[in-house]
Amino acid sequence: MLEKLFKLKENKTDVRTEIAAGVTTFMTMAYILAVNPSILSAAGMDGTAVLIATCLASFIGTLCMAFMANLPFALSAAMGLNAYFAYTVCGAMGYPWQVALLAVFIEGIIFLLLSLTNVREAIFNAIPLSLKKAVSVGIGLFIAFIGLQNAGLATDNAATLVGLVNFRENFSTSGICALLAVIGLFITASLHIRKVKGSMLIGIFATWVLGMICQLCGIYVPDETHYSLFPSFHMTNFAAIGETFGQCFNVDLHAVGIFNFIVVIFSFLFVDLFDTLGTLIGVSSKAGMLDKDGKLPAIKPALLADAIATTAGAALGTSTTTTFVESAAGVGAGGRTGLTSMTTAVLFLVSILLAPIFIAIPAFATAPALIMVGFLMFTSITEIKFDADHYCDAISAYLCILAMPLFYSVSEGISIGVISYVVLNLAAGKAKRINIVMYVLAVLFILKYVFL
0 MLEKLFKLKE
10 NKTDVRTEIA
20 AGVTTFMTMA
30 YILAVNPSIL
40 SAAGMDGTAV
50 LIATCLASFI
60 GTLCMAFMAN
70 LPFALSAAMG
80 LNAYFAYTVC
90 GAMGYPWQVA
100 LLAVFIEGII
110 FLLLSLTNVR
120 EAIFNAIPLS
130 LKKAVSVGIG
140 LFIAFIGLQN
150 AGLATDNAAT
160 LVGLVNFREN
170 FSTSGICALL
180 AVIGLFITAS
190 LHIRKVKGSM
200 LIGIFATWVL
210 GMICQLCGIY
220 VPDETHYSLF
230 PSFHMTNFAA
240 IGETFGQCFN
250 VDLHAVGIFN
260 FIVVIFSFLF
270 VDLFDTLGTL
280 IGVSSKAGML
290 DKDGKLPAIK
300 PALLADAIAT
310 TAGAALGTST
320 TTTFVESAAG
330 VGAGGRTGLT
340 SMTTAVLFLV
350 SILLAPIFIA
360 IPAFATAPAL
370 IMVGFLMFTS
380 ITEIKFDADH
390 YCDAISAYLC
400 ILAMPLFYSV
410 SEGISIGVIS
420 YVVLNLAAGK
430 AKRINIVMYV
440 LAVLFILKYV
450 FL
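Numbering (numbering that gives the first Met the number 0), first residue to last: 0 to 451.
Simulated from the structure, these hints should not be mistaken for laboratory data.
Bear in mind that the values here come from a model prediction, so they are computed numbers and not experimental data.
Glycine is no exception: its CB is placed at the ideal position from the N, C-alpha and C atoms.
Hints may be right or wrong, so weigh each one.
Said to hold, decoys possible - Simulated restraints, written as ranges between beta carbons of each label pair:
#1 A387 <-> L425: 14 to 22 Å
#2 L1 <-> C216: 46 to 54 Å
#3 E223 <-> F406: 29 to 37 Å
#4 V161 <-> I218: 44 to 52 Å
#5 F185 <-> L425: 21 to 29 Å
#6 M67 <-> T154: 24 to 32 Å
#7 F248 <-> K431: 42 to 50 Å
Could you put together the complete structure from these sequences and hints?
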């Protein structure tokens, strides 16, 4: 039956290899179950509800990838987009999280329609490669900065806006938490360097355990704002999903600025577009799945699975769900078919039972994972050409990267990157390089700044 479903022999693999690859992929992705509730809780969402929604959305999306595309790719809540959701849309822009979920839901519907045509690939091809890479790098820095904040390492500073924490001040609470985050970062980085599978998940739990040891020794002392690091073992409250399920439809659009709302939808759409296609092509290339023209034959059902996952995830109560680059770990372990992703999907579903443990993980323990994910995304900067012949591309990419962490917004980085690319190329007499889609995007972003 499995042979008929996944064509194992045709793909030169077997059941044992595929299942092992699926477990490997899950181990490298499982950190999202601790990180996503931590990030979305900052938007006022219930942590247990977010974790259950994340597990279910990951299960649905990854299962769709398995049976619709027969590819070894797994999906879950996208890093960067969850930060944009919580800290920009709900934080800086002040929208309720229900509105942000509605934006994600609409983005998913749009992707669903685009995935049934060739429009999604056409939009992707219209954006210059330099900006595609810049978006990844900028999000990486943004995520890393959030990690530094969650760790308590980056703090408010009246003179410089942001500064390094004073470890000696309040050492028994914020000081020791920041120090543990530093230790956790080196643990995670060392494991990653040694190519240990599940390095981020191991790093999260190792940092948490060190924190509990510090509490037992009296080095960490809980107070009104710093809670006990020991989890309370109890059954998962499955009813918690009611806190977020269907809440994206419980929105009064009359109280929402329509133009601002459209910008939010487009920002989710734009980032998810590049993240998904880039991941699919990158991981497929590593697995040798691309054809002679460098295209992925099953890309349309893969994109459709991604769109279904995002739509379902928003309805359940989590931010944009997308294909994870960590799928490369499973591919590296020999995964070649949907049986790998089916295995990962089942593990995500089972993880709901461990919700109380994941929810109890403190922010300083997940911070090292955020910083490491930022590093992995930052590595795309080597693919941007910075020589004098490519200054138009390089400068616009640089401005895009710079804006995301400093303006604390993914969408601002994208806006500035697109506008600067068009303006610089026009100024340099290279108008022929600019695709009509880029002109449209630049005009829309400029109108946003004029009228908002």
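Hints, verified against the model:
Separation of A387 from L425 is about 19 Å and conforms to the stated range, judged on CB atoms against 14 to 22 Å. About 51 Å separates the C-beta atoms of L1 and C216, a value consistent with the hinted range of 46 to 54 Å. For the pair E223 and F406, the supplied restraint of 29 to 37 Å holds, since their beta-carbon distance comes to about 33 Å. Look at V161 against I218: about 27 Å separates their beta carbons, and that is not inside 44 to 52 Å.
At about 47 Å, the CB distance of F185 to L425 disagrees with the hint of 21 to 29 Å. Here the CB-CB span from M67 to T154 is close to 47 Å, at odds with the stated 24 to 32 Å. At about 46 Å, the beta-carbon gap between F248 and K431 stays in the expected band of 42 to 50 Å.
Hint compliance for this structure: hints 4, 5, 6 are not met, and every other hint is.
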